[in-house]
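J.: Numbering (my numbering) for the sequence shown: 264 to 1406.
Heads up, a few of these hints could be off.
[As the list claims (entries may be wrong)] Quick list of simulated restraints, FRET-style, between CB atoms:
#1 1045 to 650: 37 to 45 angstroms
#2 1079 to 397: 52 to 60 angstroms
#3 875 to 977: 37 to 45 angstroms
Calculated from the structure, these hints are not laboratory results. Just so you know, these numbers come straight off a predicted model, no measurement behind them. For glycine and all other residues, C-beta sits at the position ideal for the given N, C-alpha and C.
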Amino acid sequence: MLRRRLNRLCGGDEKRVDSRTIYVGHRPCPDTEAFILSKFCDNRIVSSKYTVWNFLPKNLFEQFRRIANFYFLIIFLVQVIVDTPTSPVTSGLPLFFVITVTAIKQGYEDWLRHKADNEVNKYPVTVLEDGRSVKKESEKIKVGDVVEVVEDETFPCDLILLQSSREDDTCFVTTASLDGESNHKTHYTVPDTEMDLQALTAAIECEQPQPDLYKFVGRMHIYKPEQEPAVRSLGPENLLLKGATLKNTKKIYGVAVYTGMETKMALNYQGKSQKRSAVEKSINAFLLVYLCILISKAVVCNTLKYVWQSKDGQDEPWYNQKTQKEKDTNMYLKMFTDFLSFMVLFNFIIPVSMYVTVEMQKFLGSFFITWDKDFFDPEIQEGALVNTSDLNEELGQVEYVFTDKTGTLTQNNMEFIECCIDGFQYKHRDTPSELDGFTVTDGPVNKLQQKAGQEKEELFLRALCLCHTVQVKEAGSEEVLTDQVDGIDGVLPQPEEERGFIASSPDEIALVKGAMNYGFTFLGLESKNMKIKNRENDIEEYKLLHVLNFDPVRRRMSVIVQTKSGETLLFCKGADSSIFPRVKSEEVDRIRMHVERNATEGYRTLCVAYKQLSAEEYAVADTGLREARLALQDREEKLMAMYNQVETGMSLIGATAVEDRLQEEAAETMEALQGAGMKVWVLTGDKMETAKSTCYACRLFQRGTELLELTVRTLEDERLKREEKLLELLRDYHKRAVQDAPPVKAGVTRSWSTANQDYGFIVDGATLSLVMNPPREADASQYRSLFLQICQNCTAVLCCRMAPLQKAQIVKMVKNSKGSPITLSIGDGANDVSMILEAHVGIGIKGKEGRQAVRNSDYAIPKLKHLKKLLLAHGHLYYVRIAHLVQYFFYKNLCFILPQFLYQFFCGYSQQPLYDAAYLTMYNICFTSMPILAYSLLEQHISIEILLDNAALYREIANNAMLRWRPFLYWTVLGIFQGLLFFFGVRFLFSNPALQDNGQVFGNWSYGTIVFTVLVFTVTLKLALDTRHWTWINHFVIWGSLAFYVFFSFFWGGIIWPFLKQQRLYFVFANMLSSVSAWLVIIILILLSLLPEILLVVLRKPRGPHSRQKKPSQSNVGGNQSSLSSARPLLMRTFSDESNSVI
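Please build the complete structure, drawing on both the sequences and the hints.
T.: What follows is the structure, encoded as structure tokens:
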């Protein structure tokens, strides 16, 4: 009923299914016929995944969704149900170990989440109830409660600001925990609310919860006795978000509108889509191969068993008669159970512990990025941050880098350089003169030593002082460096050098400071009055009527102010493309040359315009803006229409040029990335000329680079339609960059600088829209195909005037292109989030545009220069380590199971195990797991200094080189060779019946133990041979693992264990070592197995010239590297000789 009455009051016919009604203080409105209190969620925050009751079933369900875990569960169940040759413990214990370790890790992480939730939910808050302040736990706040928050407290839920202790009815908050922005933001109370909140009767109608931190639409109906209800619009400036902190305001009161999991902070915690690395795909492919090998072995043994048993006397020898039950068993059922038994016997070829080792390697390895001191930035006192450890190895596989310009390639630290007023250029110099009109020769427009009229100068400078959303930060004697924000006294301003400014964009501060250089100082905003000090040191006051906020679509912002004399002025500043169409064309000609010259020099330019509004014009604009702000549905669209209506027919006053300097070592970083074979694309919303000059400064475009331009300007053709001209240009560029380019050299894996002529490609947002969404859908695939091929054959691509969504579209297009190249996006602002989430690897820079990019990234670094080490050193090493780990795991398990397979040919295919159950269980868990884990964390096959100095080394591991089928085949052949050697070498020893001094013979368990001893020592020493970078940890785990195996074998066989039915290894190991022949065979077989590796180290000459080690200090390191590189067949088989000698 209330909703219908509100509809009538507001005269709106909007559907409000997507809105909620909240009664302030739970007090019903006086004219409500039926007061029904709506049900909303409580204020509990739940970020945890499990509870005590559902942890076990839910966690087990999630873990057994992984194919490997499910496979081993099936094997375990087969061992329990079917009479198999090995104990269920052999597969059950490793599976239990893996499941337990993972469950403990996930349980601990969830316990931390529970702990954090409790801290938030149990936090004490003050709520107004019946005029009294009542202390409650945060989780007990309900929607509609009036909550009191004092200074430096965080808001417990999303609140509408009703009352503030500040006289100007504002409060200041910081949202660092939400978006990383540490500057103070101003929020406003709802106008016309009662000072006594107990007497306030009001209803709030607002949108349902949604995650956008910067959007809020609502209205408040305030009821007063014997008066019409007052309706006030509510926007983001009235909403205090949960997680934000109250600053410089003693106390505020607000009404809860969103609580618990419906707050904007909670809605923003929804997880990102899971990114998977290319290594995981390789593991799955290799697993399928080994699964086929496993099934083949089981089928061969099962077939041969029944062929052998078909001969007379073999199936039922006189000494082993069948029972009646065995005779009655169905033959096909027996064959099936035998097949399952062989599967169980050989199942260890699939390495279950590899998954947990890979998880630990990724988790522990990510700490090395966090701990890297080179990533620490003293300016912000922070280092690198790892949000996702699953993608460490992807850092070594990047082929395309997509980078933002402002704040990423440049510092986003703006400095006012010059301005142009009415066609005259003003360059600021550090001289005491108030206004320096010195100009440089810049074509016929500029007249040396001439100035614009004083009236135009002052109008321009007033526009700079008024058209912004800057706040003044006053610094006291002890608070020069703190972000203190207070209302200021315009009559007694602080000295200029002590005044600081806070704004949402560094551009705005630069322009306000630029106006100060020319004698106009902004003093602050107090009770909707803006104060400025002019050149005569007089204080001017302007009443701020409306702010038409900046947005990336309009690319401009405006203010409407009223002078003391009653004049109403609109000041507007924005990009030239958005201002020029809204002013007179003759004014544009005077300014355009300055703007284009400044953009070519790499400066950021803004144009400034103004308009004097008559009383009628302002009345229409004021009514339209207020109505649009009160709309619940389509508020953004209605406001946009009003903004566009007001911002027309303006007069152009001038333009500004602000310099955004390059980041430290930006050029060197880009050069290194290109040297590593990566294609760098710059995606920016900036003007083409500014972005192009930045690309030249960063050496992405060289002097000899031929630029192919596909922009609105090049599409202008009187003869042809835009679509036809676009197709013509695409075909022309395709012919030049793709068809006429020389073929790529053999052996070079990427088309990096292969053409004689380097091409650079420039495209703008409008043209990209035409390429991606042509008028005729039939042309779409042709346009995209030509566009993509041109881009892929250019050394660098610049995309300017891009909307955030277009950035993501570009990344997606390249990501899904032929070959599925690995993409990386790097940016620092909220507008880069979409492309960061879209790329395989997203990197955020801890810049000055908030922390949205950092929160949504996989890795975060303080500066662009750190990207070089992150990719060329960390990425390279992580990839080599994990690739070796994967190949080594499959190799050592093949060595382990092949002798077991061969043994079946000598035991009548009876499924007799070669190894004791303890060895089967412990092989992957204890005897061989720690050395490879240490290797995969600490190995540096090439020193970090050489990797950074020689970017071309990165190309050697491109395209997943170490996990391709060729190196996989090498490792598999090596495993088969060593497995055959182990088995037949020991069999040769056993051809001598008496191996002991007393003439006794060895049994089958001694046979298996000798094979197992040779196996453990060989695979461990193989890893030792592959290790280039020795630390005490490597020594400890390699020699410690071997010592533990020997100790365990003595211990296991030296005691009679009461829980074992059969003591198979009782004194077998000690007895075996009493034979000199056994010692000799063990040593000879280990040496023979490792002989190929040792020969490669000794005999193979170093590859390529030693020119990479030019520095004397590095020559020894490099020399060792080159000779040792031959020790690792893994690298030898994947790295081309040609690329090794590239410098």
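J.: Indicate, hint by hint, whether the structure satisfies it.
T.: Taking the hints in turn, this is what the structure says about them:
no. : hint                            : verdict
1   : 1045 to 650: 37 to 45 angstroms : 39 angstroms, holds
2   : 1079 to 397: 52 to 60 angstroms : 57 angstroms, holds
3   : 875 to 977: 37 to 45 angstroms  : 39 angstroms, holds
Against the hints set out earlier in the document, no violation occurs for any number.
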